[in-house]
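Next come the chains, spelled out residue by residue.
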Amino acid sequence: MKINISKIIIFSFVVFLLFIFWQGLKKNNSYDTKSLIGSRISNFQLNEINNNNQYISEEDLKKNKFTLINFFASWCAPCRVEHKYLLNLSSENNEIKIIGINFKDKKNNAINFLKELGNPYTFVGKDVKGKISISFGIYGIPESILVDSNLTVIKKVVGPIDQAQYNEILKLIQ
Amino acid sequence: MLSNIGISLVILVLVLSFSTIYAASLDLKISNRFISENIYKLSLFQTTFTILSFFTLIIGFINSDFSLINVYENSHTTKPFFYKIAGAWGNHEGSLLLWVNILVIFSYLFLVFNHTHNKQFRLYTLIVQNILILGFLFFLLLNSNPFNSIYPIPPEGMGLNPILQDPALAIHPPLLYVGFVGCSIYFSAAIGSLLSNYDGKLFARSIKTWVKISWCFQTLGIIVGSIWAYYELGWGGFWFWDPVENASLLPWFAITALMHSLIVLEKRNTLYSWVIVLCLLTFILSVTGTFLVRSGILNSVHTFASDPSRGIYILVFLSLMIFSALIIFFSKNHNENYNFNLKSREIFILTNNWFMAFFLLTVLIGMLYPIFLDVLTNKKISVGPPFFNIVIIPLVVPFMFLMAIGPKFGWIKSKNKIFYKSLLLSLGAVAINLFIFYFFGKYSFLSNLIFTAAIFLILYSFLDIIDSINKRTKFEFPRAISHLGFGMLVFFIGINHQFSTEEDFNLKIGEVKKTTNYEINFEKIEIKESKNYKSVTGIFKLINLKNSSIQNLNPEIRIYSSPETLTYEAAIKTKITSDLYLTMSNVSRSDFYNIKFQKKPFMIWIWISAFIISLGGFVQLTLKKNED
Amino acid sequence: MKVIFFYIIACFLITISVHSSEDENKLLKVYKNLRCLVCQGQSIADSNSDFAATIKLVVQDQFNEGKTEDEIYKFLTSKYGEWIIYQPIFNKNNFLLWALPYALFICGGFIIFLLVRKTKHSKVK
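Residue numbers (numbering that gives the first Met the number 0), protein chains in the order written: chain A, 0 to 173; chain B, 0 to 627; chain C, 0 to 124.
Accuracy of the hints is not assured; some may be wrong.
Derived DSSO-like pairs (lysine-lysine); straight-line CA-CA distance at most 27 Å [claimed, not checked]:
| # | chain 1 | residue 1 | chain 2 | residue 2 |
| --- | --- | --- | --- | --- |
| 1 | C | Lys119 | B | Lys342 |
| 2 | C | Lys119 | B | Lys407 |
| 3 | A | Lys125 | A | Lys61 |
| 4 | A | Lys125 | C | Lys78 |
| 5 | A | Lys130 | C | Lys55 |
| 6 | B | Lys200 | B | Lys28 |
| 7 | B | Lys378 | C | Lys31 |
| 8 | B | Lys545 | B | Lys523 |
| 9 | B | Lys200 | B | Lys331 |
| 10 | C | Lys78 | A | Lys155 |
| 11 | B | Lys513 | C | Lys55 |
| 12 | B | Lys379 | A | Lys25 |
| 13 | A | Lys155 | A | Lys62 |
| 14 | A | Lys128 | C | Lys25 |
| 15 | B | Lys598 | C | Lys25 |
| 16 | A | Lys106 | A | Lys155 |
| 17 | B | Lys378 | C | Lys55 |
| 18 | B | Lys200 | B | Lys473 |
| 19 | C | Lys31 | C | Lys73 |
| 20 | C | Lys73 | A | Lys130 |
| 21 | C | Lys31 | B | Lys507 |
| 22 | B | Lys513 | C | Lys28 |
| 23 | C | Lys66 | A | Lys130 |
| 24 | B | Lys266 | B | Lys207 |
| 25 | C | Lys28 | B | Lys572 |
| 26 | C | Lys73 | A | Lys125 |
| 27 | A | Lys130 | B | Lys512 |
| 28 | B | Lys523 | B | Lys507 |
| 29 | A | Lys26 | B | Lys379 |
| 30 | B | Lys118 | B | Lys40 |
| 31 | A | Lys130 | C | Lys28 |
| 32 | B | Lys512 | C | Lys31 |
| 33 | B | Lys441 | C | Lys66 |
| 34 | C | Lys31 | B | Lys441 |
Not close to chain C: a few residues of chain B, all C-beta gaps over 12 Å, as computed [unchecked claim]:
| # | residue |
| --- | --- |
| 35 | Leu51 |
| 36 | Asn117 |
| 37 | Phe137 |
| 38 | Thr208 |
| 39 | His259 |
| 40 | Leu314 |
These aren't lab readings, by the way, just hints derived from the structure by calculation.
Heads up, the beta-carbon is just placed ideally off N, CA and C, and yes, glycines get one too.
Model the full structure from these sequences, guided by the hints.
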């Protein structure tokens with residue numbers, strides 16, 4: 000059997016291809032927005048849910064050491080489950096402030112929701128059509144983004160915050 | 000009970016496969032011209048038991064025998080009878096059993112129908128095919144066994160996915176598998192030919208019919224899948240460049256290239272090595288496609304439930320297959336001398352292969368690139384329809400020109416009169432295209448080229464058909480039909496794409512939407528309870544503002560209970576000139592319904608053209624029988 | 000033969016101009032190029048999901064503000080990554096993806112060219 004350059008190339012290519020397939024099997028192919036971590040949020044203005052004249056913007060958030068921006072809605076069942084962690088974070092910790100954004104919801108339903116479960120938010124913004132969520136890279140609720148005083152994203156939680164995520168957040172804000 | 004019968008039958012087939020390999024290896028050493036009777040008997044038994052095992056599974060579905068996990072997971076007592084049967088192959092394990100069936104049946108048929116061919120060649124083919132069968136049997140028994148049982152026996156099944164309860168989708172897998180899996184036999188024959196040093200022309204004759212059969216069924220399978228997607232998936236599209244669709248397209252390009260190259264091999268006994276490569280490549284592509292689709296490595300709307308252990312299995316099988324084929328090819332292949340004149344039919348067939356290779360590689364690269372990028376750099380990208388359309392479509396233009404004039408060239412060399420006929424017809428095509436352009440709507444330069452080339456191909460092929468009927472030369476007839484079909488397909492897809500209208504709007508019950516040509520009245524909602532679903536049907540009255548005709552279109556939202564799913568059934572009015580397409584979905588937490596309305600000209604002609612392509616293949620199969 | 004080569008070259012040139020001259024519904028084109036992140040392989044145009052509906056609103060707003068297609072894609076990829084776009088952006092990561100098919104096509108043509116030339120030369124001998 001003559002040892003030929005082209006044969007070696009073909010063999011190597013096949014080995015490489017099969018190797019990639021094998022490695023590819025181990026990869027998780029479901030989507031997440033981990034790439035958002037490290038980017039800065041900017042250029043936003045949120046109107047208060049009760050009062051259109053009141054609003055919050057970048058400057059206000061830069062005053063906080065850490066801010067957790069939480070997207071929620073009264074019709075969202077997992078939001079109820081994560082709510083206690085939000086309450087814990089807001090009451091026991093002065094390092095972090097929580098902003099709530101009410102997503103595709105009716106004002107009264109949101110207010111009742113907060114009356115019933117407690118209000119961990121220093122500000123409740125509204126996003127009736129959902130368009131603001133897109134600026135934050137949100138694609139479902141609940142979702143939460145943790146930013147520092149420079150408004151750099153340091154953590155993103157897709158879905159409800161559970162015990163493990165809660166502990167991670169506590170670690171990050173030390 | 001059924002579980003035991005099924006597993007026993009499969010193990011029996013396993014034993015018979017081993018026996019066949021053993022008996023064939025022994026028979027190889029005996030230097031007479033005839034294959035021993037025992038081998039025929041073993042093969043016949045193997046086929047019988049394999050078919051019986053498949054029937055066992057089907058009986059399990061018909062009887063709703065939930066002691067079989069496979070029936071439990073994929074069926075339900077309220078499923079209509081026809082779909083219970085189709086459920087047998089509409090899942091991963093059952094479809095694997097179908098794979099084995101086709102592998103075995105083709106193995107037997109190839110053995111029997113090729114009795115005029117060299118004994119060594121046939122025996123080697125049989126051995127390789129049975130090694131493939133063993134590979135799949137082991138996979139089936141150890142990882143994906145449709146006969147695994149469950150105890151205690153559940154009273155009801157988990158139900159078949161409602162989207163799969165459709166006649167087109169029920170026959171789609173068997174059709175496609177005859178193509179996909181049928182190409183295994185010429186993979187084995189190629190290795191058999193290498194090992195036995197078989198003559199090129201004779202090899203071509205032995206696999207010719209099998210290549211054509213697999214091509215016809217692969218084409219049909221793909222068409223039926225597209226028709227199903229159009230009528231069932233509710234988005235008005237028929238081709239999404241989705242991984243599963245691409246996986247069926249890859250072998251199709253290879254089989255088409257092979258089919259054309261076989262002509263050269265048989266006529267002039269050249270391109271032997273290339274034909275062998277194509278034979279090996281086709282089945283390798285089939286298995287690669289299966290790997291990509293069933294291992295969960297790719298995200299798709301059609302995937303079966305995925306399981307990483309399956310992936311490892313198929314990958315190991317694929318690797319063994321590729322390396323064995325490579326080693327045998329490199330050690331046994333002889334170098335050929337090539338002799339091709341520029342103006343010869345051989346060059347045009349090579350050109351066909353060149354373009355087919357390009358289309359194949361584009362689809363393959365498009366599918367694999369995200370995987371490579373993710374593994375090597377951890378970045379995730381999507382490669383979707385825009386990529387495939389932009390890369391492939393421009394080159395379809397020269398391809399169609401070549402398709403039209405290629406077959407007119409003679410073997411070895413030709414005269415120049417082809418040039419004048421081509422010039423005349425090109426002018427005709429340009430004229431017709433300009434006519435459409437000025438009277439029906441403006442479109443881009445690329446579209447002009449596409450239409451011109453397609454019309455050119457249609458005119459040429461049509462004249463060829465008339466020629467062949469007049470001169471009674473039968474062998475041009477099937478080729479002209481398929482080429483005509485291809486030209487028509489591109490033409491009607493072009494028209495459909497250019498002149499389709501699409502509207503997307505929200506409406507409440509009782510409201511009316513006016514578009515430029517239609518008035519859409521959302522009259523009311525009807526709620527109905529059916530056998531295994533609840534339907535919310537929108538009653539729409541469509542008034543054509545140009546001719547005041549009235550149509551009723553009733554799209555549905557279906558709520559299935561087992562498994563709990565929501566599907567959207569489009570309301571489609573198919574006419575010879577166009578399709579009207581209406582889908583309705585509810586906007587969450589509001590009174591609004593989101594309506595998508597499409598008018599798609601000549602939609603049915605797309606299906607007709609595609610069927611004409613496969614018709615050419617079927618006609619050629621029947622013609623061959625007469626000439627034998 | 001020269002006519003055929005001319006057509007092939009013309010098609011390469013057209014590939015570059017494919018974007019510009021189509022008089023399509025621009026909005027629909029963008030919808031078809033965006034991937035629905037919560038669906039299994041559907042575009043924003045085809046999806047009935049909530050997320051798709053929201054993205055449609057955002058895209059409409061941006062068009063009305065006068066943003067171009069590319070600016071919209073840039074905005075969405077900055078929020079969601081390149082995964083959301085179906086037509087891979089031509090950057091150093093994806094360069095191979097776009098270049099390889101054509102490179103291989105040219106190789107194929109070259110092989111056929113060599114075959115024909117070898118035949119001509121052996122005839123001359």
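Status of each hint after checking the structure:
1. Using a Cα cut-off of 27 Å, the hinted pair lysine 119 of chain C and lysine 342 of chain B holds, with the two alpha carbons roughly 12 Å apart.
2. Between lysine 119 of chain C and lysine 407 of chain B the alpha-carbon distance is near 22 Å, which keeps this suggested pair within the 27 Å criterion.
3. Taking the CA atoms of lysine 125 of chain A and lysine 61 of chain A, the gap is about 20 Å. The hint holds against a cut of 27 Å.
4. For the hint linking lysine 125 of chain A to lysine 78 of chain C, the alpha-carbon distance of about 20 Å falls within 27 Å, and the restraint holds.
5. In summary, the hint linking lysine 130 of chain A to lysine 55 of chain C is supported, as the alpha carbons are separated by about 9 Å, within the 27 Å threshold.
6. In summary, the hint linking lysine 200 of chain B to lysine 28 of chain B is supported, as the alpha carbons are separated by about 25 Å, within the 27 Å threshold.
7. Between lysine 378 of chain B and lysine 31 of chain C, the direct Cα distance comes to roughly 22 Å. Compliance with the 27 Å bound is thereby established for this hinted pair.
8. For the hint pairing lysine 545 of chain B with lysine 523 of chain B, the CA-to-CA distance comes to about 25 Å; that is within 27 Å, so the pair holds.
9. Annotation: proposed proximity of lysine 200 of chain B to lysine 331 of chain B holds, straight-line Cα distance about 17 Å (limit 27 Å).
10. With a C-alpha separation of about 12 Å, the suggested pairing of lysine 78 of chain C with lysine 155 of chain A holds against the 27 Å cut-off.
11. Pair hint lysine 513 of chain B plus lysine 55 of chain C holds up; C-alpha atoms about 21 Å apart against a cutoff of 27 Å.
12. Among the hinted pairs, lysine 379 of chain B with lysine 25 of chain A is consistent with the structure: their alpha-carbon atoms are about 15 Å apart, no more than 27 Å.
13. Proximity of lysine 155 of chain A to lysine 62 of chain A is assessed by CA-CA distance (about 20 Å); at most 27 Å being required, the pair is judged to hold.
14. Annotation: proposed proximity of lysine 128 of chain A to lysine 25 of chain C holds, straight-line Cα distance about 23 Å (limit 27 Å).
15. Restraint check: the Cα-Cα separation between lysine 598 of chain B and lysine 25 of chain C comes to about 18 Å, which is no more than 27 Å; the hinted pair holds.
16. This hinted pair checks out: lysine 106 of chain A and lysine 155 of chain A have alpha carbons roughly 26 Å apart, not beyond 27 Å.
17. Distance restraint check for lysine 378 of chain B and lysine 55 of chain C: the Cα-Cα separation of roughly 26 Å lies within the 27 Å cut-off, and the hinted pair is therefore satisfied.
18. Restraint check: the Cα-Cα separation between lysine 200 of chain B and lysine 473 of chain B comes to about 22 Å, which is no more than 27 Å; the hinted pair holds.
19. The suggested pairing of lysine 31 of chain C with lysine 73 of chain C holds, with an alpha-carbon distance near 16 Å, which does not exceed 27 Å.
20. With a CA separation close to 17 Å, the supplied pair lysine 73 of chain C and lysine 130 of chain A stays within the 27 Å bound.
21. The hinted pair formed by lysine 31 of chain C and lysine 507 of chain B meets the criterion: a straight-line CA distance of about 25 Å does not exceed 27 Å.
22. Proposed proximity of lysine 513 of chain B and lysine 28 of chain C is supported: the alpha carbons are some 22 Å apart, at most 27 Å.
23. Distance hint between lysine 66 of chain C and lysine 130 of chain A is fulfilled; the C-alpha atoms sit about 16 Å from each other, no more than 27 Å.
24. Proximity of lysine 266 of chain B to lysine 207 of chain B is assessed by CA-CA distance (about 12 Å); at most 27 Å being required, the pair is judged to hold.
25. At roughly 25 Å between alpha-carbon atoms, lysine 28 of chain C and lysine 572 of chain B fall within 27 Å of each other, so this suggested pair holds.
26. With a CA separation close to 26 Å, the supplied pair lysine 73 of chain C and lysine 125 of chain A stays within the 27 Å bound.
27. A threshold of 27 Å between alpha carbons decides the hint, and for lysine 130 of chain A with lysine 512 of chain B the separation of about 25 Å falls inside it, so the pair holds.
28. The hinted pair formed by lysine 523 of chain B and lysine 507 of chain B meets the criterion: a straight-line CA distance of about 9 Å does not exceed 27 Å.
29. With a C-alpha separation of about 11 Å, the suggested pair lysine 26 of chain A and lysine 379 of chain B falls inside the 27 Å cut-off, and the hint holds.
30. As the CA atoms of lysine 118 of chain B and lysine 40 of chain B are separated by approximately 16 Å, the hinted pair is consistent with the 27 Å bound.
31. Of the supplied pair hints, the one linking lysine 130 of chain A and lysine 28 of chain C holds, its CA atoms being roughly 20 Å apart against a limit of 27 Å.
32. Proposed proximity of lysine 512 of chain B and lysine 31 of chain C is supported: the alpha carbons are some 23 Å apart, at most 27 Å.
33. At most 27 Å may separate the alpha-carbon atoms for a hinted pair to count; lysine 441 of chain B and lysine 66 of chain C meet this at roughly 26 Å.
34. With a CA separation close to 22 Å, the supplied pair lysine 31 of chain C and lysine 441 of chain B stays within the 27 Å bound.
35. No Cβ of chain C comes within 12 Å of the Cβ of leucine 51 of chain B; the nearest lies about 37 Å off, and the non-interface call holds.
36. Every beta carbon of chain C lies more than 12 Å from that of asparagine 117 of chain B, the smallest distance being close to 30 Å; the non-interface claim holds.
37. Look at phenylalanine 137 of chain B: its CB is around 31 Å from the nearest CB on chain C, clear of 12 Å, so calling it non-interface holds up.
38. Look at threonine 208 of chain B: its CB is around 29 Å from the nearest CB on chain C, clear of 12 Å, so calling it non-interface holds up.
39. Residue-level check passed: histidine 259 of chain B sits 14 Å from the nearest beta carbon of chain C, beyond 12 Å.
40. With a minimum CB-CB distance of about 22 Å to chain C, leucine 314 of chain B clears the 12 Å threshold, and the non-interface call stands.
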